[in-house]
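Please model the entire structure based on the sequences and the hints provided.
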Amino acid sequence: MILVVAEHHGGQMHRATWEALAAGQALGLPISVVLAGHDVEALASQLAEAAVTQVLVASDPALANYTADVYVTALATVIPSAAPTLVLAAHTYQARDFMPMLASRLQRPMVPDCVALARDGDGVRFTRPMFQARLLADVQPAGPAPHLATLQIGAVRADSLQRGGAPAEVVAQAVAVSSSDVRQQPDAPFQEARQAVDLGAAERIVSVGRGIKGPEHLALVQELADALGAELAASRPICDNGWLPMDRQIGSSGQTVAPKLYLALGISGAIQHVVGIKGARTIVAINKDPDAPIFEIADYGITADLFEIVPALIAALKKP
Amino acid sequence: MKIAVCIKQVVARDWQVRPNEARTWVRDGDADFEMNEPDAYALEAALRLREAHGGEVVVVSAGPARVTQVLREALARGADRALHVESDALAQADAFVVADALLAAIGPEQADLVLTGLQSDDQGFGQTGVILAERLGVPHATIIMEVQVAGATLRVKRELEGGWFQWLEMPLPALLTIQSGINQLRYATLKGIMAARKKEIRSVAAPVSQPAQHVTGLRAPDKQKQTRMIAGTPAEAAGELLRALREDARVVAS
Ligand SMILES: Cc1cc2nc3c(=O)[nH]c(=O)nc-3n(C[C@H](O)[C@H](O)[C@H](O)COP(=O)(O)OP(=O)(O)OC[C@H]3O[C@@H](n4cnc5c(N)ncnc54)[C@H](O)[C@@H]3O)c2cc1C
Ligand SMILES: Nc1ncnc2c1ncn2[C@@H]1O[C@H](COP(=O)(O)O)[C@@H](O)[C@H]1O
Chain A
1 MILVVAEHHG
11 GQMHRATWEA
21 LAAGQALGLP
31 ISVVLAGHDV
41 EALASQLAEA
51 AVTQVLVASD
61 PALANYTADV
71 YVTALATVIP
81 SAAPTLVLAA
91 HTYQARDFMP
101 MLASRLQRPM
111 VPDCVALARD
121 GDGVRFTRPM
131 FQARLLADVQ
141 PAGPAPHLAT
151 LQIGAVRADS
161 LQRGGAPAEV
171 VAQAVAVSSS
181 DVRQQPDAPF
191 QEARQAVDLG
201 AAERIVSVGR
211 GIKGPEHLAL
221 VQELADALGA
231 ELAASRPICD
241 NGWLPMDRQI
251 GSSGQTVAPK
261 LYLALGISGA
271 IQHVVGIKGA
281 RTIVAINKDP
291 DAPIFEIADY
301 GITADLFEIV
311 PALIAALKKP
Chain B
1 MKIAVCIKQV
11 VARDWQVRPN
21 EARTWVRDGD
31 ADFEMNEPDA
41 YALEAALRLR
51 EAHGGEVVVV
61 SAGPARVTQV
71 LREALARGAD
81 RALHVESDAL
91 AQADAFVVAD
101 ALLAAIGPEQ
111 ADLVLTGLQS
121 DDQGFGQTGV
131 ILAERLGVPH
141 ATIIMEVQVA
151 GATLRVKREL
161 EGGWFQWLEM
171 PLPALLTIQS
181 GINQLRYATL
191 KGIMAARKKE
201 IRSVAAPVSQ
211 PAQHVTGLRA
221 PDKQKQTRMI
231 AGTPAEAAGE
241 LLRALREDAR
251 VVAS
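Heads up: the sequence lines are chains A and B, in that order.
Those letters in the first sequence? Residues 1 to 320, by this note's numbering.
Those letters in the second sequence? Residues 1 to 254, by this note's numbering.
Rather than coming from a laboratory, the hints here were simulated on the basis of the structure.
Hints are supplied without guarantee of correctness; some may be wrong.
[Claimed, not checked] Derived pair list, reagent style PhoX-like, types lysine-lysine, alpha-carbon separation capped at 20 Å:
(1) B:LYS225 - A:LYS278
(2) B:LYS225 - A:LYS260
(3) B:LYS223 - A:LYS278
(4) A:LYS288 - A:LYS213
(5) B:LYS199 - B:LYS2
(6) A:LYS288 - B:LYS223
(7) A:LYS278 - A:LYS260
Remember, predicted model here, so these are calculated numbers, not experimental data.
Below is the structure:
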């Protein structure tokens, strides 16, 4: 049996939970889902509409606000009695926070950030990126079940989720959480002041990554952006270094954009970057490394030094 | 305040990674190595806390003899001393094995705060710190963008998805996984490099632990999309790209 751990925020399911459910269903093994929280009946009935055997609900006032401690305490109670062979969650920030602790508490292996799951005899074969997604690895967890895994966001489409004929059974789980189990005290989540630039509406974006080498070269790409009528954006390291303001960052911790044209200069194409450009119509990558992952999602690619191509592009655009 | 910082040595970013014969790891016999990037930010966060609150910064790395290079670099940037859990097998070990190795060095130190990077550039587990916290029996928080210490209480800013953040409070001792960009890095000065030569790198025996997972097939990823690769001189490639963007994709005005 596969047990999928559901994630929710502010009364809404995290959309990646549906992806994890769809991935679990595709393995063709019996599947259940566990939901931890307080006052989560509405979410439980949403989950019960999927083709799953059971929805296990761990409800307790102490679970009203997520902390790694409270989730691990609750799940470490539910999992042994449910006795799954695989515990699966989406590879979200929240899963990064508690899943390794849960694995450690249960003394079971965890395979993080999987891009594919496949049946392999009695078990499951896990495939995950390594070396910044420049390589893929098949991974075999060691020792007895349950094994734990997380699924990279976007690796499986949520619309492949199968709905059930009738709502699945919702089963309450007894969890006893005492205040001494929880050491972290969280404040409410907040957003920083609104972005000064809204790249979400930009038609064309010229985006630079670490291939730009230093802030002194930004004027060159700004010139290209101007010539194309494009906004300038960047990968995270450029903003981390303070070369461009944070509100120009694209990706999971930056802005999500959907331009007609996204021109990526010296960007390797890490998943945390490319999730921000899934909506782009035409993606162009210029990178000197022919194996850079960005070429896997680009429509047009040039394997070359950006310092040679960018001036040539500017010259070609300025030609009457 | 005693702060331990876990630092991993990883193959350099521009090193061409190729699977080895057994497809279990990369050919790294003659690779260049560097400090895992988020770990450099974790070290900087520790140095700033020491400047504000006093105390000591101890850097820890698990791996073969070569990892003393990143320990030396951390000492040159200002760390006080270093612990090296030495074993060749640790170069390719999973997060559970590495957490055990780090525990052997850090456990006896009784540090007030342990910092790790949020993720390694080679294995990318994003697990080692959290597992280590559980083994040390201390609370943790991940993907941290700000750290404040007041007495025995830690207040940290966690990065959440999509531009959201959250403050958390927890008692010390604790473990944090640090996100890149939490601060601006300092680099080693000549004085720092000279001083580092006199600082201690103590070797710690690696414990024996069972692997939690095995890589059985390492390979280059398949392409998902049909990319049109454009060749030629820079002028030719630029000209053809522009033509395609104007006439085929119609995303640039003529
Ligand atoms: C939790 C988390 C959240 C994250 N959030 C984000 C996010 O929101 N946005 C984001 O971007 N990243 C994010 N990251 C970081 C992400 O994982 C990558 O590290 C980052 O995107 C890499 O940036 P890069 O492509 O610019 O740099 P690198 O990966 O270093 O790539 C540089 C590229 O430039 C190429 N290059 C070098 N010189 C030249 C040249 N002269 N000409 C042409 N090409 C050249 C190289 O071949 C290489 O492919 C996050 C990471 C984590 C763990
Ligand atoms: N061999 C190691 N030596 C020291 N620290 C490590 C080692 N492996 C992982 N770490 C730390 O754990 C963090 C997360 O690594 P990982 O779990 O591999 O993504 C890194 O950023 C380091 O701070």
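Worksheet item: Taking each numbered hint in turn, which are not upheld by the structure, reported in ascending numerical order?
Response: Of the numbered hints given earlier, the structure breaks none, since each of them holds.
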